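Peer 1: Sequence:
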Amino acid sequence: MGGDSPSRRVRADAERSTARILEAAEAVLAVDANASLERIADAAGLARATVHRRFSSRIALLDALAEQLSERYVAGLSQAKVKTAPPLFALRRLTEMVFDLKVSHRFAVQLTAALTPAVLDGLDLLFVRLRDAGAITAVDPSWCRRVYLALLHEVNDLPAGSPALAATADEIEARVDLLVRTTLGALGGTPDGSALSLTD
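Under the working numbering, the first residue of the sequence shown carries the number 36, and numbering increases by one thereafter.
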């Protein structure tokens with residue numbers, strides 16, 4: 036017999052509703068961080084009861100947004116091949132992905148809960164590999180990660196057209212370049228990355 040079972044259809048409907056709620060929450064909370072679940076339900080085009088059924092509280096919704104972003108960070112670490120790619124290439128690729136996430140998840144990126152142990156471990160591994168390759172001299176990977184994340188926040192907050200950003204048609208590319216160069220310089224490497232090529 037063909038067709039999905041009723042329970043499978045219900046699950047699929049629930050997954051679609053959850054995705055709509057999270058997408059609406061990201062958009063609404065990016066504009067008003069104190070927006071109510073009711074406003075999020077309206078933006079999602081769903082009944083308030085549906086939102087309350089999926090997320091019993093605002094905290095549960097924020098936890099779901101953080102978990103979703105954490106999964107994307109972990110996927111980014113995997114796509115950047117932080118374990119196997121040349122470390123400068125991995126740093127640059129990961130930075131590109133993170134800036135893309137900052138654009139698409141303007142609210143969720145503020146949630147520290149998204150920086151799970153898996154994300155932190157992946158970043159630490161990258162900085163260990165950068166040190167082992169001679170791209171940086173700083174020895175404590177957790178310190179390197181904290182410097183990188185702090186600089187990421189500052190570079191992201193630079194206004195468009197800032198003199199700190201290179202004049203280029205691609206603003207994200209200019210931010211990536213600035214963050215990579217500044218991170219390397221702050222951690223004892225050469226800001227232009229000349230000590231190590233992207234393929235080393």
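For the record, the hints were derived by calculation from the structure and aren't laboratory data. Keep in mind the model is a prediction, meaning the values are calculated, not measured. Idealized CB from N, CA, C, for every residue including glycine. Do not take every clue at face value.
Pair ranges (Cβ atoms, derived) [claimed, not checked]:
id	residue 1	residue 2	range
1	169	82	57 to 65 Å
2	82	175	46 to 54 Å
3	148	62	18 to 26 Å
Peer 1: For every hint, state whether the structure bears it out.
Peer 2: Cross-check of the supplied hints:
{"no.": "1", "hint": "169 - 82: 57 to 65 Å", "result": "holds, 58 Å"}
{"no.": "2", "hint": "82 - 175: 46 to 54 Å", "result": "holds, 51 Å"}
{"no.": "3", "hint": "148 - 62: 18 to 26 Å", "result": "holds, 20 Å"}
Against the hints set out earlier in the document, no violation occurs for any number.
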